[in-house]
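Participant: Listed here are the chains, written in short residue letters.
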Amino acid sequence: MSRRVPGLHITWGRLLTHASLAVLVVIWTVPTLGLFVSSLRDKDQLIVSGWWTAFSTTERSAAGRINARDAVEVDGLHVVEGNFLEDPRRSIVSYGVSQTALGAFAPGETIDLEGTAFTLNEDGSYRWVSEEPFPEGARHRIFHIMAIPPTFALTNYREVLASESIDRAFINTFTVTIPATLIPILIAAFAAYAFAWMKFPGRQWLFALVVGLLVVPLQMSLIPLLRMYNDIGATFGVPSKTYLGIWLAHTGFGLPLAIYLLRNYIGGLPRDIIESAQLDGASHFDIFIRLILPLSVPALASFAIFQFLWVWNDLLVALVFLGKDDDQIVLTSRLRELLGSRGDNWEILTSSAFISILVPLMVFFALQRYFVRGLLAGSVKGG
Amino acid sequence: MTQQVLMAVLAVIAGVGASLAYFFGTNWLLDRLAPDGRRPDGEYLSREPLRNAIRPWLFVLPALVILGIYLVYPVFETARLSLFDRSGTEFVGLSNYAWAIQNPEFHLAIRNNVLWLLFVPAMSTAFGLLVATLADRVRWGNVAKSLIFMPMAISFVGASVIWKFVYDYRGPDVGQIGIVNAIVVALGGEPQAWITVPFWNNFFLMIILVWIQTGFAMVILSAALRGVPEETIEAAQIDGASEYAVFFKIIIPQIFSTILVVWTTITIVVLKVFDIVLAMTNGQWGTEVLANSMYNWMFRGGGDFGRGSVIALVIMIAVVPIMVWNIRRFQTEEAMR
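Here the protein sequences line up with chains A and B, keeping their order. Note that my numbering gives residue 10 to position 10 of the first sequence, counting from 1, and the numbers run on in steps of one. With positions in the second sequence counted from 1, the corresponding number in my numbering is that position plus 383.
A portion of the hints provided could be inaccurate.
[As the list claims (entries may be wrong)] Listed below are the simulated DSS-like cross-link pairs for lysine-lysine, each with C-alpha atoms no more than 27 Å apart in a straight line:
#1 A:324 x B:655
#2 A:324 x A:241
#3 A:241 x B:655
[What the hints assert, rightly or not] Beyond 10 Å from chain B on every Cβ pair, some chain A residues (computed):
#4 29
#5 76
#6 115
#7 163
#8 277
#9 279
#10 323
#11 327
#12 346
#13 372
In case anyone wonders, no lab produced these hints; they're calculated from the structure. None of these values were measured; they are calculated from a predicted model. Yeah, the Cβ is synthetic: ideal placement off N, Cα and C, and Gly gets one too.
Turn these sequences into a full structure, and let the hints steer you where they fit.
Facilitator: Take a look at the structure:
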């Protein structure tokens, strides 16, 4: 493994390390890259060619119609003129008169169409000329190959925002996420402080319960809570699917981890701080608000990112506790519906998916350090 | 739209405000209702012990109430409902369990969950360890780790869209737009509709979760690798151990407890896997798993809470050993504090 590569100051082993890691990185990033590139492509191209071809000029066959009905007389000649290409950046590669002879003629070449002359130019413009009037109903299909330069545009995004109510879902997601992140932090911070520094009967036992609840699957809660929400809705004549309902649900499901993480952090703060403040006559409430909370910002931030990503990305809780109408549907739920109803409209799926992962990705890359810290505190140390 | 934004802002203020009001209000009340004072005989009376006895409960009460309603009570209620009929009103004994034992769909879900449990934690941990090891040896390691970690931020549904596109299938006569089929065709193979291929399609779904969870395993294991003392490695190298031997005989044993933690954490994620199956196949083509089946029974034909509860309980029972292990681990660590 330590033999040197001839002429280079690295070893085969090191080369292998670089290469393997590079391969892994490519495998892990290519799927997301494909989604992103595709979302910026023209929807017609998206379904006929792979996204990896988007960076080079692609060729596509098409057929254009010419009809004698459109003929005008110019200087004694009967002429039909027009252009097959909608986009001036595209160009004609070759053309022919049947689907099997797409490459028969080069652009600019004039061909004979039953005694008339036809020319298709590189820019897509064509001219069909006859000295005699065209026979009644004369028409032809001209098959051609066009070259399409790489094009990227935000058209798909504009379309989904306008027509698939993704914009509304985006705001709904925020409406769910922000309170569902802040409320558990507040509640957990107080509880964590009590578990770490206050004395009360059953403290150990209750905290062990919290540790146990860390792994209780969500699925256990769904049916009882759904029934409870429906009963409350029926008894008090209020809707059973509300934002308040989902905030509390996310609070409940997020609390064990929040209490666990924060308790470990707050419990690790130096005892002196708390004891000297107590000697000065401060109550636990004052100590918590004035001293502990400011010191706990890194841990609070870690959990906030966790919970934010979790709630933003959640599908199950939203499906059960929120309605599916425009005023409540969240991005993940909307995206899942699109997968069912627009399964083949990749321009809609790719751009909607990218909109839904944009915010988490930004949060992730901006605050990765805190996120990692939270992960480590949550699993490795375990205390 | 503006209204919605306004409502959201108000809701945030109200929700957070209410929690704040509770904590400040109750603590203020406590200080007012149990102040220090003087006894009738004029002696100074401190009520601090009383306040100190009550205050912890003011701090933990909201958390305990919410945990009670949202996690503890449901465990017992689900167990009760598993013995009742579809609407939860009539006692039916063990007939929901009998149904589950005889139901082929349930068997399939169990088999698939077992496959998921074997494949995903193993692959995620293995890849995570591989990346963590490799990335520590190159200068661009942090960039590599960041990129492999990225899928952790993507929702399971978002990941499903991404991978549905990767697996996309077009007929053999036209150009493939899914990269897997494009590669298969380029290598001279036949394109496949991967997510409908019996049995193996389960693995194509699992790959999505491996893709997401590898980053998690990598981060945790990377930290553990840094904690391995240099001396132990150097000593082995001086003794002439190969890199291979150092890795498997010196490093792995030292980070084994972390590997176990990573493995179990991913196991719990896998037990609850739902979004990916729902979004990719909704359990069709033999890909049903417990969590998706449970969700379906909750709503299918108006919902069958009895059967749904049985399936939820099965997931819960699978988690119990990990739960016990976690609490034990926590208690030994507490004892060492």
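Participant: Indicate, hint by hint, whether the structure satisfies it.
Facilitator: Evaluation of the provided hints:
Between residue 324 (chain A) and residue 655 (chain B), the direct Cα distance comes to roughly 23 Å. Compliance with the 27 Å bound is thereby established for this hinted pair. Pair hint residue 324 (chain A) plus residue 241 (chain A) holds up; C-alpha atoms about 10 Å apart against a cutoff of 27 Å. The hinted pair formed by residue 241 (chain A) and residue 655 (chain B) meets the criterion: a straight-line CA distance of about 23 Å does not exceed 27 Å. A beta-carbon of chain B is positioned within 10 Å of the beta-carbon of residue 29 (chain A); the least distance is around 5 Å.
The Cβ of residue 76 (chain A) sits about 47 Å from the closest Cβ of chain B, beyond the 10 Å cut-off, so the non-interface label holds. Distance to chain B confirms residue 115 (chain A) as a non-interface residue, since its nearest Cβ pair spans about 37 Å, more than 10 Å. Against the 10 Å criterion, residue 163 (chain A) stays outside the reach of chain B, whose nearest CB is about 15 Å from its own CB. The non-interface label for residue 277 (chain A) is consistent with chain B: the shortest C-beta to C-beta separation is roughly 14 Å, beyond 10 Å.
Look at residue 279 (chain A): its CB is around 13 Å from the nearest CB on chain B, clear of 10 Å, so calling it non-interface holds up. The non-interface label for residue 323 (chain A) is consistent with chain B: the shortest C-beta to C-beta separation is roughly 13 Å, beyond 10 Å. The Cβ of residue 327 (chain A) sits about 8 Å from the closest Cβ of chain B, inside the 10 Å cut-off, so the non-interface label is violated. Under the 10 Å C-beta cut-off, the non-interface status given to residue 346 (chain A) relative to chain B is violated; the minimum distance is some 7 Å.
Interface exclusion of residue 372 (chain A) from chain B breaks down, the closest Cβ pair being 5 Å apart, not more than 10 Å.
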